[in-house]
Amino acid sequence: VTRPGSSLIVALQQVLADEHAAVYAYGVIGARLTGRARARATDDWIAHQRARDSLEATLRALGSRPAAAAVAYQMPGPIRTRREAASAAVAIEDRIAAAYLGLVGAATAALRERAALQVRAAALRAAAWRGSTVAFPGLPGGDS
Amino acid sequence: VKAEPARRALLVAAAALPLAAAGCRSIGALATPPAVAPGVRVLARAIAGEQWLVHRYQAVISGVAGRDGPRDLAGSLGPILAEHRAHLARLRARLIVPAGSAVRLAGPVPAAGAVVPASPAAAIAALRAGELRASADLLGALAGAPPSLAQLLASISASEASHVPALDRMGRAA
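First to last, the protein sequences are chains A and B.
Note that the first sequence covers residues 1 to 144 in this note's numbering.
Note that the second sequence covers residues 1 to 174 in this note's numbering.
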């Protein structure tokens, strides 16, 4: 059993909190979109639910209680148009990439690779919403 | 008067001699090269991989894209090449190889693989394969890297994976 205050548990709970926020946000984003963009938002919403479930299972396996989701979250900005919905998705994915990159620094070898695969998944989703790629997903100043 | 500076230089040199001799002895005592820090080999490999990608992109941009292919292919590949150059610069900035260590940095050009495919589609397919391989290599290197280097490698690996759908779009347009 890993102690609740260990850096690994703290990092996992931080990522879980960000995944809870992402699941909430994609619900709001998807509601503003139609057609292919809406389908993409739905796919990404499901991806974040799966990631959340996986983190909760990992925390339980380590003997720690997963943090619950909040009732509501502050969105990264106003979401009135398709463009604003896409920008919100980019902001969320950038945050998720940073969160998993934090876990890459804290985790054991097996978890490190899992976390890195999630950084990659977030970078792929962010690039799809942004329409372009960045050099350093998840790092501060990721595009330089 | 003219001879004065020369004489002074000689005196300075004579005074420095015992120090030089002492220096020689201590260097002799340290004849075994210093141990290579963990992560230096990982970093050296990552740098070599990134150099390879930069050269591939340069070759395609100046070859296929400039010669007969669609001119906008060079324009589309340019931003990706810029990202690889940024990767390379960030990796190189972290590298401090102890003098006399056994780590050698790979030279920039693996000549055997440097043939540029003739058609734009084949060139893009080759770049795509290179991105996938580089991304996977970096993932494989995570376990042997100290935490902050692992974070950088994971970020670069993710960036390279995100180039694949971008190349796919260019491949459909080519």
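Hints are computed from structural coordinates only; laboratory data are not their basis.
Be aware that one or more of the hints could be misleading.
Ranges between beta-carbon positions, derived for each pair [claimed, not checked]:
#, chain 1, residue 1, chain 2, residue 2, range
1, A, S54, B, P147, 18 to 26 Å
2, A, V28, B, A129, 37 to 45 Å
3, A, L62, B, G140, 22 to 30 Å
4, A, Q74, B, A93, 30 to 38 Å
5, B, L95, A, A109, 18 to 26 Å
6, B, A122, A, R65, 32 to 40 Å
7, A, G131, B, R85, 38 to 46 Å
8, A, G27, B, A173, 32 to 40 Å
9, B, G140, A, A57, 23 to 31 Å
10, A, R60, B, A118, 50 to 58 Å
Now the stretches of chain B that chain A is said to cover, found in silico as 3 or more residues with beta-carbon under 8 Å [said to hold, decoys possible]:
#, stretch
11, 132 to 145
12, 159 to 170
A quick note: this is a predicted structure, and the numbers were derived from the prediction, not measured.
We put the beta carbon where it would ideally sit given N, CA and C, even for glycine.
Consistency of the hints with the structure:
Taking the beta carbon of each, S54 of chain A and P147 of chain B are about 22 Å apart, inside 18 to 26 Å as hinted. Under the hint 37 to 45 Å, the C-beta atoms of V28 of chain A and A129 of chain B, about 39 Å apart, fit the expected range. Here the CB-CB span from L62 of chain A to G140 of chain B is close to 25 Å, well matched to the stated 22 to 30 Å. Checking the proposed 30 to 38 Å range against Q74 of chain A and A93 of chain B shows it holds: the Cβ atoms sit about 36 Å from each other.
As the Cβ distance of L95 of chain B to A109 of chain A is approximately 23 Å, the hint placing it in 18 to 26 Å holds. Between A122 of chain B and R65 of chain A the CB atoms are about 54 Å apart, so this pair departs from the stated range of 32 to 40 Å. For the pair G131 of chain A and R85 of chain B, the beta carbons lie near 21 Å from each other, so the given range of 38 to 46 Å is not met. Judged by the Cβ atoms, the range 32 to 40 Å given for G27 of chain A and A173 of chain B holds: they are separated by roughly 34 Å.
Between G140 of chain B and A57 of chain A the Cβ separation comes to about 25 Å, which falls inside the hinted range of 23 to 31 Å. Between R60 of chain A and A118 of chain B, the C-beta spacing of about 55 Å keeps the proposed range 50 to 58 Å intact. Chain A is given as covering the stretch 132 to 145 of chain B, and this holds because 4 residues of the stretch bring a CB closer than 8 Å to a CB of that chain, at least three being needed. Interface restraint, the stretch 159 to 170 of chain B with chain A: holds (6 residues with C-beta to C-beta distance below 8 Å; minimum three).
In terms of the numbered hints stated before, the structure departs from hints 6 and 7, listed from lowest to highest.
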